[in-house]
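K.L.:
Sequence:
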Amino acid sequence: MHTELFLSQILIYPVKSLGGIALQKATIEERGLQHDRRWLVIDTHNRFLSQREFSKMALIEVALGENELILKHRTQPVAPLRVPFLPQTFDILNVTVWNDTIEAVVVSDACNAWLSTVLDAPVRLVYLPDTSPRPADSNYAHFDTNVSFADGFPYLLISQASLHDLNTRLSEPVEMLRFRPNLVVEGVLPYDEDQWFEFEIGQSTFYGVKPCARCIMTTVNPETGEIAGKEPLKTLATYRKVNNKIFFGQNIITRTTGTLQVGDSVRVMSRKQRQTFSLK
Numbered sequence: 031m032h033t034e035l036f037l038s039q040i041l042i043y044p045v046k047s048l049g050g051i052a053l054q055k056a057t058i059e060e061r062g063l064q065h066d067r068r069w070l071v072i073d074t075h076n077r078f079l080s081q082r083e084f085s086k087m088a089l090i091e092v093a094l095g096e097n098e099l100i101l102k103h104r105t106q107p108v109a110p111l112r113v114p115f116l117p118q119t120f121d122i123l124n125v126t127v128w129n130d131t132i133e134a135v136v137v138s139d140a141c142n143a144w145l146s147t148v149l150d151a152p153v154r155l156v157y158l159p160d161t162s163p164r165p166a167d168s169n170y171a172h173f174d175t176n177v178s179f180a181d182g183f184p185y186l187l188i189s190q191a192s193l194h195d196l197n198t199r200l201s202e203p204v205e206m207l208r209f210r211p212n213l214v215v216e217g218v219l220p221y222d223e224d225q226w227f228e229f230e231i232g233q234s235t236f237y238g239v240k241p242c243a244r245c246i247m248t249t250v251n252p253e254t255g256e257i258a259g260k261e262p263l264k265t266l267a268t269y270r271k272v273n274n275k276i277f278f279g280q281n282i283i284t285r286t287t288g289t290l291q292v293g294d295s296v297r298v299m300s301r302k303q304r305q306t307f308s309l310k
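Residues in the sequence shown are numbered consecutively from 31, following the numbering used here.
None of these hints come from the bench; they were simulated from the model. Since we're looking at a predicted model, the values are computed, not measured. Glycine residues also receive a C-beta, built at the ideal position from the N, C-alpha and C atoms. Watch out, some of these pointers could steer you wrong.
DEER-style ranges, computed between Cβ atoms [stated by the list, open to error]: (1) P152 - D222: 39 to 47 angstroms; (2) Q225 - T198: 17 to 25 angstroms; (3) R77 - R304: 32 to 40 angstroms; (4) Q303 - P110: 43 to 51 angstroms; (5) P220 - H172: 22 to 30 angstroms; (6) V292 - P220: 15 to 23 angstroms; (7) D222 - D150: 42 to 50 angstroms; (8) D222 - N274: 19 to 27 angstroms; (9) A93 - N129: 27 to 35 angstroms; (10) V298 - H194: 17 to 25 angstroms; (11) P152 - E98: 22 to 30 angstroms.
Put together the whole structure using the sequences plus the hints.
P.N.:
What follows is the structure in structure tokens.
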């Protein structure tokens, strides 16, 4: 039984906005955990797609094979899709994620066809190679670092206590998957992670960058792929809002390589000034 601050969950989302994978152990890389958000679904304009536009993307489950991803649709009677870790084409595209233009590689025609069928829209699947830079926002990052197809930073951390506090305010509790963190910690008070600047997980050092602004994706039920109303955003807005942005969780970065394992101890080395949130 743990009595100290420790890492309780590790999660990756290999294809941005598709299902997540819980791991017991993960490899730390500059862009994020190994395989996290290295694949992306794009539209005919080479712009990224997410559950914001296609909430049914939540119904596509992802698993790790030996040298591939395995995609399965939770409700449609289609055979699983096997996505090789290395693309099978040399088709290089400039794709758009928010305001960033990133060089990516089309994975295969088979992947494009499968995803177009299950999403009922013409889409393609692309991969982010190691050679394609995408700098994290230098206005917040304390040092130069790259990021994958994540919204802005390589890692997202949330404490279980913060989710528990939120759920005490909701008529129907929500699961952690609504917020798609990479790292979940236990053993602290709610929102203590807001103040973490430098901290260690196991043998690896991380740095808190900025609170994570939340969007409509948190209202998508990951089990049904349906927008389930205005919660939890509506409630979060009553006590976690600054300058019209609603925050939950912390974006973090690292210079470290190595591994993380569920159960690793967490040590906070230094703290930031407490963030002030508006109250209604």
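K.L.:
Could you run down the list of hints and mark each one as holding or not?
P.N.:
Evaluation of the provided hints:
| no. | hint | in the structure |
| --- | --- | --- |
| 1 | P152 - D222: 39 to 47 angstroms | holds (45 angstroms) |
| 2 | Q225 - T198: 17 to 25 angstroms | holds (21 angstroms) |
| 3 | R77 - R304: 32 to 40 angstroms | holds (37 angstroms) |
| 4 | Q303 - P110: 43 to 51 angstroms | holds (48 angstroms) |
| 5 | P220 - H172: 22 to 30 angstroms | holds (25 angstroms) |
| 6 | V292 - P220: 15 to 23 angstroms | holds (21 angstroms) |
| 7 | D222 - D150: 42 to 50 angstroms | holds (43 angstroms) |
| 8 | D222 - N274: 19 to 27 angstroms | holds (25 angstroms) |
| 9 | A93 - N129: 27 to 35 angstroms | holds (32 angstroms) |
| 10 | V298 - H194: 17 to 25 angstroms | holds (19 angstroms) |
| 11 | P152 - E98: 22 to 30 angstroms | holds (24 angstroms) |
The structure agrees with every numbered hint stated previously.
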